[in-house]
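Quick mapping for you: the protein sequence lines, in order, are chains A and B. Just add 5 to the spot in the first sequence (first one is 1) and you have the numbering used here. Just add 42 to the spot in the second sequence (first one is 1) and you have the numbering used here.
Please note that the accuracy of each hint is not assured.
Unchecked claim - Beta-carbon label-pair distances, calculated as ranges:
| id | chain 1 | residue 1 | chain 2 | residue 2 | range |
| --- | --- | --- | --- | --- | --- |
| 1 | A | S110 | B | T44 | 26 to 32 Å |
| 2 | B | H52 | A | S85 | 31 to 37 Å |
| 3 | A | M88 | B | G82 | 19 to 25 Å |
| 4 | B | Q59 | A | T77 | 33 to 39 Å |
| 5 | A | M88 | B | R51 | 34 to 40 Å |
Stated by the list, open to error - Stretches of chain B that chain A covers, calculated by requiring three or more beta carbons in the stretch to come under 8 Å of a beta carbon on chain A:
| id | region |
| --- | --- |
| 6 | 87 to 100 |
| 7 | 149 to 155 |
Note that these hints are calculated values from the structure, not bench results. As the structure is a computational prediction, the values presented were derived from the model and not from experiment. Think of the CB as a built atom: it goes at the ideal place given N, C-alpha and C, for glycine as much as any other residue.
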Amino acid sequence: AQSVTQLGSHVSVSEGALVLLRCNYSSSVPPYLFWYVQYPNQGLQLLLKYTSAATLVKGINGFEAEFKKSETSFHLTKPSAHMSDAAEYFCAVSEHNFNKFYFGSGTKLNVKP
Amino acid sequence: DTGVSQNPRHKITKRGQNVTFRCDPISEHNRLYWYRQTLGQGPEFLTYFQNEAQLEKSRLLSDRFSAERPKGSFSTLEIQRTEQGDSAMYLCASSLGMGGTEAFFGQGTRLTVV
């Protein structure tokens, strides 16, 4: 079975500081990995995805994530936080048949001025 | 915009009533998923369709829940005899299936059972 663990339900950074949101996955087969962002009372928007190509994946809004098989991790980073980045972020994993996506419990990012 | 559309956006109902939600996926997507999200949690898988066939249902989907996707286009999710524990955001997503990877989500239907 697949599962996702997001360490830290709340992360607070200052505007301009590095953003690091952690995601570890459990999978019996090489997974596909995703990061989604959710604004209040909205659906989920895809930030980036890993599909077994390059291990460093660049996404929208300056975010990127690195797949590390040895650490079973897929942490999300952004060099410089903007106020508009304040939202909830979800890591997700899927098997190659995409029958379902397993989501972590989410990390709320707060950006302080 | 031809994204995933969900209606209604909000629904308040009394305990014991039946409710039905609709999802219109992206037109060329053959896979459609339903998820439930409660406060402070990530989305939990409920069920998915490949065209009109419902291929998998979660154990979360009790007998009071039923989903359909007639003709492989839009989908409905019905909850019968609603309970307060059914209060949640119900999210619909669609994907190309094996021809694609990520799921595209709608804005969700927030259900409040009073």
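Practice task
Any hints from earlier that this structure breaks? Give me their numbers in increasing order, please.
Solution key: 4, 5
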